[in-house]
Amino acid sequence: NAGVTQTPKFRILKIGQSMTLQCTQDMNHNYMYWYRQDPGMGLKLIYYSVGAGITDKGEVPNGYNVSRSTTEDFPLRLELAAPSQTSVYFCASSPPDKTFGSGTRLTVV
Amino acid sequence: QKEVEQNSGPLSVPEGAIASLNCTYSDRGSQSFFWYRQYSGKSPELIMFIYSNGDKEDGRFTAQLNKASQYVSLLIRDSQPSDSATYLCAVRRSNDYKLSFGAGTTVTVRA
Chain A
63 NAGVTQTPKF RILKIGQSMT LQCTQDMNHN YMYWYRQDPG MGLKLIYYSV GAGITDKGEV
123 PNGYNVSRST TEDFPLRLEL AAPSQTSVYF CASSPPDKTF GSGTRLTVV
Chain B
37 QKEVEQNSGP LSVPEGAIAS LNCTYSDRGS QSFFWYRQYS GKSPELIMFI YSNGDKEDGR
97 FTAQLNKASQ YVSLLIRDSQ PSDSATYLCA VRRSNDYKLS FGAGTTVTVR A
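As you go down the protein sequences, you meet chains A and B in turn. If you use my numbering, the first sequence closes out at 171, no skipped numbers anywhere. If you use my numbering, the second sequence closes out at 147, no skipped numbers anywhere.
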């Protein structure tokens, strides 16, 4: 039982590049979430999903896209990376409580 | 007004003392309240949740909720150096699985 697995752990992108952050959970949780955390700040919800095929925007969705084709996977796509997307990204799943992945530290230069 | 506000910190307490963390929230529809601990460079981990007014104790941690005052707190008794971390308060409405997080309070326990 690995919980929530995120890859990669670190990534440096150039402005305008695209990438996909991977998130997989093996707990058969219906709910999955993507958050970003900027230094000294709490977590901001980017997108969430209540089940396969169902996704919705959170507080800060601009510049991101998601898909949920299976219960296990919830990838986050960054299109046209910008310096403002430099952050630490956490994937999480629930219920009964939110189990977080180990995070992806992304730098856009 | 921010949806969830925490005392800004950092909070420095001597080993063995009580650390008191405060959190206020603006949405009266909030029903569930969570405290997460986040060590530097790590992901948040859930340490307490509380749904009803009053106190809830788990080991050295006590969560206190006052919905009328829109206030939730976390007490850490007998603080240990291993408690040094950032503590995040989060709230959720009853029909919503989304959490709103505060910015966190950093606690340092001095040996």
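Since the hints were made in silico from the structure, they are not lab data. Incorrect hints may have been included.
List of simulated lysine-lysine pairs, DSBU-like, C-alpha gap at most 30 Å [as the list claims (entries may be wrong)]:
id	chain 1	residue 1	chain 2	residue 2
1	B	Lys134	A	Lys119
2	B	Lys134	B	Lys78
3	A	Lys71	B	Lys92
4	B	Lys134	B	Lys38
5	A	Lys71	B	Lys103
6	A	Lys76	A	Lys119
7	A	Lys106	A	Lys119
8	A	Lys119	A	Lys71
9	B	Lys78	A	Lys106
10	B	Lys103	B	Lys38
11	A	Lys106	A	Lys76
12	A	Lys71	A	Lys106
13	B	Lys103	A	Lys76
14	B	Lys38	B	Lys92
15	B	Lys92	A	Lys76
16	A	Lys106	B	Lys134
17	A	Lys71	B	Lys134
18	B	Lys134	B	Lys92
19	A	Lys119	B	Lys92
20	A	Lys106	B	Lys92
21	B	Lys78	A	Lys76
Going through the hints against the structure:
Restraint check for Lys134 of chain B and Lys119 of chain A: satisfied, since their Cα atoms lie roughly 11 Å apart, inside the 30 Å limit. As the CA atoms of Lys134 of chain B and Lys78 of chain B are separated by approximately 21 Å, the hinted pair is consistent with the 30 Å bound. Pair hint Lys71 of chain A plus Lys92 of chain B does not hold up; C-alpha atoms about 36 Å apart against a cutoff of 30 Å. Between Lys134 of chain B and Lys38 of chain B the CA atoms are separated by roughly 16 Å; this keeps the pair inside 30 Å, and the hint holds.
Of the supplied pair hints, the one linking Lys71 of chain A and Lys103 of chain B is violated, its CA atoms being roughly 39 Å apart against a limit of 30 Å. As the CA atoms of Lys76 of chain A and Lys119 of chain A are separated by approximately 25 Å, the hinted pair is consistent with the 30 Å bound. Taken as a hint, the Lys106 of chain A and Lys119 of chain A pair is honoured in the structure, with Cα atoms around 11 Å apart against an allowance of 30 Å. Distance check on the hinted pair: Lys119 of chain A and Lys71 of chain A sit about 24 Å apart at the alpha-carbon level, within 30 Å; holds.
For the suggested pair Lys78 of chain B and Lys106 of chain A, the alpha carbons sit about 16 Å apart, so the restraint of at most 30 Å is met. A threshold of 30 Å between alpha carbons decides the hint, and for Lys103 of chain B with Lys38 of chain B the separation of about 17 Å falls inside it, so the pair holds. Using a Cα cut-off of 30 Å, the hinted pair Lys106 of chain A and Lys76 of chain A holds, with the two alpha carbons roughly 23 Å apart. Between Lys71 of chain A and Lys106 of chain A, the direct Cα distance comes to roughly 19 Å. Compliance with the 30 Å bound is thereby established for this hinted pair.
Note on Lys103 of chain B and Lys76 of chain A: the hinted pairing is violated, with a Cα-Cα distance of about 46 Å set against a maximum of 30 Å. Of the supplied pair hints, the one linking Lys38 of chain B and Lys92 of chain B holds, its CA atoms being roughly 26 Å apart against a limit of 30 Å. Using a Cα cut-off of 30 Å, the hinted pair Lys92 of chain B and Lys76 of chain A is violated, with the two alpha carbons roughly 48 Å apart. Among the hinted pairs, Lys106 of chain A with Lys134 of chain B is consistent with the structure: their alpha-carbon atoms are about 10 Å apart, no more than 30 Å.
Between Lys71 of chain A and Lys134 of chain B the CA atoms are separated by roughly 24 Å; this keeps the pair inside 30 Å, and the hint holds. Our distance criterion of 30 Å between C-alpha atoms is met by Lys134 of chain B and Lys92 of chain B, whose separation comes to about 23 Å. Straight-line distance between C-alpha atoms of Lys119 of chain A and Lys92 of chain B comes to about 33 Å, which puts the hinted pair past the 30 Å bound. Taking the CA atoms of Lys106 of chain A and Lys92 of chain B, the gap is near 27 Å; set against the 30 Å cutoff, the hint holds.
This hinted pair checks out: Lys78 of chain B and Lys76 of chain A have alpha carbons roughly 25 Å apart, not beyond 30 Å.
Checked against the numbered hints listed earlier, the structure breaks hints 3, 5, 13, 15, 19; every other hint is satisfied.
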